[in-house]
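Chain by chain, the residues run as shown.
There are 4 protein chains.
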Amino acid sequence: MNQPAPELDRAVKEIADELRVRTDRGEVASYIPELAKVDPSAFALVVVDTAGNVAAAGDADTLFSIQSISKVFTLTLAIGKVGNRLWQRVGREPSGSPFNSIIQLEFEKGIPRNPFINAGAIAVTDVILSGHQPREALGEILRFVRFLADDSSIAIDKAVAASEQRTGFRNAALANYMKSFGVIENPVEHTLGVYFHHCAIAMTCRQLAMAGRYLAQFGSNPTTGLSVVHPERARRINALMLTCGHYDGSGEFAYRVGLPGKSGVGGGILAVAPGKASIAVWSPGLDASGNSRLGQIALEQLSKRLGWSIFGA
Amino acid sequence: MNQPAPELDRAVKEIADELRVRTDRGEVASYIPELAKVDPSAFALVVVDTAGNVAAAGDADTLFSIQSISKVFTLTLAIGKVGNRLWQRVGREPSGSPFNSIIQLEFEKGIPRNPFINAGAIAVTDVILSGHQPREALGEILRFVRFLADDSSIAIDKAVAASEQRTGFRNAALANYMKSFGVIENPVEHTLGVYFHHCAIAMTCRQLAMAGRYLAQFGSNPTTGLSVVHPERARRINALMLTCGHYDGSGEFAYRVGLPGKSGVGGGILAVAPGKASIAVWSPGLDASGNSRLGQIALEQLSKRLGWSIFGA
Amino acid sequence: MNQPAPELDRAVKEIADELRVRTDRGEVASYIPELAKVDPSAFALVVVDTAGNVAAAGDADTLFSIQSISKVFTLTLAIGKVGNRLWQRVGREPSGSPFNSIIQLEFEKGIPRNPFINAGAIAVTDVILSGHQPREALGEILRFVRFLADDSSIAIDKAVAASEQRTGFRNAALANYMKSFGVIENPVEHTLGVYFHHCAIAMTCRQLAMAGRYLAQFGSNPTTGLSVVHPERARRINALMLTCGHYDGSGEFAYRVGLPGKSGVGGGILAVAPGKASIAVWSPGLDASGNSRLGQIALEQLSKRLGWSIFGA
Amino acid sequence: MNQPAPELDRAVKEIADELRVRTDRGEVASYIPELAKVDPSAFALVVVDTAGNVAAAGDADTLFSIQSISKVFTLTLAIGKVGNRLWQRVGREPSGSPFNSIIQLEFEKGIPRNPFINAGAIAVTDVILSGHQPREALGEILRFVRFLADDSSIAIDKAVAASEQRTGFRNAALANYMKSFGVIENPVEHTLGVYFHHCAIAMTCRQLAMAGRYLAQFGSNPTTGLSVVHPERARRINALMLTCGHYDGSGEFAYRVGLPGKSGVGGGILAVAPGKASIAVWSPGLDASGNSRLGQIALEQLSKRLGWSIFGA
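From first to last, the protein sequence lines stand for chains A, B, C and D. Per the numbering used here, the very first residue in the first sequence carries number 392; after that it's consecutive. Per the numbering used here, the very first residue in the second sequence carries number 392; after that it's consecutive. Per the numbering used here, the very first residue in the third sequence carries number 392; after that it's consecutive. Per the numbering used here, the very first residue in the fourth sequence carries number 392; after that it's consecutive.
Treat the hints with care, as some may be off.
Stated by the list, open to error - In silico DSS-like cross-links for lysine-lysine, where the CA-CA straight-line distance does not exceed 25 Å: (1) C:Lys549 <-> C:Lys428; (2) B:Lys500 <-> D:Lys500; (3) C:Lys500 <-> B:Lys500; (4) A:Lys695 <-> B:Lys404; (5) A:Lys500 <-> C:Lys404; (6) B:Lys695 <-> B:Lys404.
Unchecked claim - Simulated DEER-style distance windows between Cβ atoms: (7) B:Ser432 <-> C:Gly573: 44 to 52 Å; (8) A:Asp541 <-> D:Lys428: 55 to 63 Å; (9) D:Arg696 <-> C:Glu405: 39 to 47 Å; (10) A:Gln479 <-> C:Ala427: 40 to 48 Å; (11) C:Lys404 <-> D:Asn444: 55 to 63 Å; (12) B:Ser432 <-> C:Arg476: 28 to 36 Å.
None of these hints come from the bench; they were simulated from the model. Since the model is a prediction, treat every value here as computed from it, not as a measurement. Yeah, the Cβ is synthetic: ideal placement off N, Cα and C, and Gly gets one too.
So here's chain A without its partners, still in its complex pose (with noise of 0.2 Å):
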């Protein structure tokens, strides 16, 4: 079932030399200037089927910050943490919304819709937090992305954290107004201090198609042959990623690309092919509704060529 890896490094290959050349970028995030500083020119491409061939393109082996991209990992975390008692928690509908608005908690009632939103994942970072210290907390995130790309190298960009802490009242707002609903049980300033880091942890293209292959593979560490999460629990954790994954753009990704994916603010989105392959995309410039617009087509093509759209082929 898989492609024949010469046949998917070529894909690949040819897809990022046509993609490195384009001009129709869309902006830079430039909230804080940790984000704005990158390069906009840079694009990545990484493929890691269910074989273990990783087909890799451009800047693949460059750090940038994942952001929104890690509502996937504590996302997995906290299920397994706490099971399905988490959905008493946050929703599991798309937002229909911009993707930090508030209305929606006012209706209802502080619950978030869904883990991908900023408020839903402020809420599963608070269910992680719960009975630990925020720094304990990061540290068992940070160890939990590790095992999963399976390098010890991955770490927090302290300057991206600070920056978005100091910056990040939308957030404040958000976890506040769900605190005022008793949605939030820890002091809102630790769950927003291990929220604010554990986006800024910065990994390559290379990295993250590592660690996103237990959502291709059923739940399983490739590497280690241990589980990450029960199979179940993975094909929905692909169900999230489809339906919610992309802000208000995510029935579009899923109408063009056809695959489970989260994208981030860094322009790097995660995608799966399931029972196929982990593949990860970084350009910095974004969509209107934020999203990676050079990643969204690479991811478009990508599925095209290799019939991996899990709506027919």
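Please arrange chains B, C and D on chain A, whose structure you already have, making use of the hints.
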């Protein structure tokens, strides 16, 4: 890749046997008398795989009102007529709101979020109507559904259509609202007339599963061999069904069932296992989101048992 | 307590003289051709005090479309018919939203916030209509306005009414929406027909100031000596005009002018200095909230000059 | 124009006598323990007319938490400091939403609708704070209230302030949200600290009625003869109190009482009969909109009995 026919038969039969005796069926839609008088204990499940095998259980040959499931067929027809220009009149994002909410029309200048909420389906109907008399447009829709199901006996339940027309004030509000933004081109009463009538098409589960084959088979009608819609468009309709097919329960359906699907308040659901099968289920009791309660459970069990989830076996 | 007539005359004349030459007049309403073709330089100001003195300046005897000002008269008529039961169908709170927004109807189960937003005035019209044919209800409204103004020549501009009816899709949306909640009792097209026609009443500023006397004089008609409405109800209509009479500019009008008032998109405003005078002003250019720009300035100057603000001399 | 003192005395006494025995008092605010432990049967009514007569009944010298009534004094202070520039940071329109809703901040780019909803009062507090330390700003507010009431004993209830600060997550959400739009200039915790403390000022009904005299007397303090605020501004503050002073019950208060007023969840209301009197009432039980239930009834009776409604005798 298909299941052997005996295994499929057994799965369909066993699931139907288990579900027919369950009593937690939800409430039958009662907003018009014609829907309220359906037998709440009715249940049917039909699977047609891409090899042409048909597995049926329960009241597979009893007619019911397909209601919103007709939106899949009108969407397919409208895309065939105007192609991607359709997306100037309707969006492709999940709505994140109850199924006939008018709020987001206010924010988004009269453009409905997607073709499967009522407002969106009315806009799609308006596209089909353009240049025709209501009677002609309705004839075209009905001929198209008969062609898909390969069954010329399919008809509209006029009592249901008349009843909807007498009581459909929310839909009239939506249509007038869109008209005020110029999104509806035809006289409101014409567009609504066609809309109410195509929602009143009556079909059996067997007919419905037959009609859905083109979505499982890359856009072509296996009986005739004719292309219904370009394979890429079939994929994209599947993507829309997955993200938007169950009103405010779309995320939940994707999470639990893992298949594209579209429900109607008559209690039917049409689901698609791309490349594998078209599936129709019917049980009139609805959950709080307006989707068949047992229908969803049947699909969850079928998907799990046969490993058909698009998010991983 | 009244101003001596010569002082009143001078104030009206001087304010009119100053304003007639101003060029910052705003835009004339253009959503129907009949309103768009009015002379933008028209200006009139008429004050009728409770002693019966009349001070008039400008185009005081030119007819214009009173539009939403008619809502004051239909509210008075409806209260007379059903008393406080009216408040089961419409609220008394400012709306905090643009004048024909449909959003709050969704939150508040189809009950409009107050009788002066379009939805509320349609609900009030429905109350007047109940038990009558549209033609009879319209006759009753027209007779009531003629009685208030003591002028049997007042009539409906049928071209305006017909034009509103052809293009009033937002109002049709509002009416259908309320009907879906059971707030409208009559057939939607009947209620809308009466509504569009009473908004199309044509009056001169002089007639309008005469018609408003009962609000300045504790509910009685000075010509006939007859009670139009109980004094307490006249006070309460004044309170509603102050809090809700200028769409989303009601707070601004209270803040600057300090008098109860009701504006119409035809450029007229009826204002009340309780116990002192009824005031009508007309200038067709509107501000962003849909209120006559020069009309508001004229009233601000008049209120200040004569010490008529209800919030302190 | 003032009532003879004996008549005023009698009215105040009789209204108090009637209301003190009523049992339909509503619920005492309980979101912080300090407010919940107040005696629910407390009742006080004090009127100070512009001739200096004082009529008092009930627990007129018992301290209570003025809560949102402090917003009138901070608004007056802020207008004195920055004049009309204040309106760049806060609007003047009624909000049409529950008192601490965050939704409209989303629509209106972080600008609160008016100075009397929580968000608006926080923005006004931020204006007063600018260029000062929180302690200095708080001192300035307290000195101003003591000056208005001519009573140097007025103080802040520190237990109330501390409790608000510990539990005020919704207000923290509002402040952070406005900060994200740049509407709050100072550190959020500074602005909130000052806000929570000025809401915790404790006053008696007698002190409160004295403090409100400048609004009844065209902006001047009758004891000192000093101008507190320009007469025009006093009028305008009255207008804001009328349209926005009672959260989502402002229209109802204008309709029934016909006087500018501002309520607090401690059960107090400060009302103004322009040119006639300053009125304070206190009864801790609240209605669904958060306004003192008996307090409103007392004011309705007083206004009716003395013919003080600004909408007509």
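Verification of the supplied hints:
Only pairs whose Cα atoms come within 25 Å are accepted, and C:Lys549 paired with C:Lys428 is accepted, the gap being roughly 15 Å. For a cut-off of 25 Å, the pair hint linking B:Lys500 to D:Lys500 stands: about 19 Å separates their Cα positions. Of the pairs offered as hints, the one joining C:Lys500 and B:Lys500 holds, with about 22 Å between alpha carbons and a cut-off of 25 Å not exceeded. With a C-alpha separation of about 37 Å, the suggested pair A:Lys695 and B:Lys404 falls outside the 25 Å cut-off, and the hint is violated.
A distance of roughly 57 Å separates the Cα atoms of A:Lys500 and C:Lys404; the hinted pair therefore is violated under the 25 Å criterion. A threshold of 25 Å between alpha carbons decides the hint, and for B:Lys695 with B:Lys404 the separation of about 15 Å falls inside it, so the pair holds. Taking 44 to 52 Å as the suggested C-beta distance range, the pair B:Ser432 and C:Gly573 does not conform, at roughly 31 Å. At about 59 Å, the CB distance of A:Asp541 to D:Lys428 agrees with the hint of 55 to 63 Å.
As the Cβ distance of D:Arg696 to C:Glu405 is approximately 40 Å, the hint placing it in 39 to 47 Å holds. Distance hint check for A:Gln479 and C:Ala427: the Cβ-Cβ separation is about 57 Å, which falls outside the suggested range of 40 to 48 Å. Take C:Lys404 and D:Asn444: their Cβ atoms lie about 42 Å apart, and the range 55 to 63 Å is violated. Separated by about 45 Å at the C-beta atoms, B:Ser432 and C:Arg476 break the suggested range of 28 to 36 Å.
Against the hints set out earlier in the document, violations occur for numbers 4, 5, 7, 10, 11 and 12.
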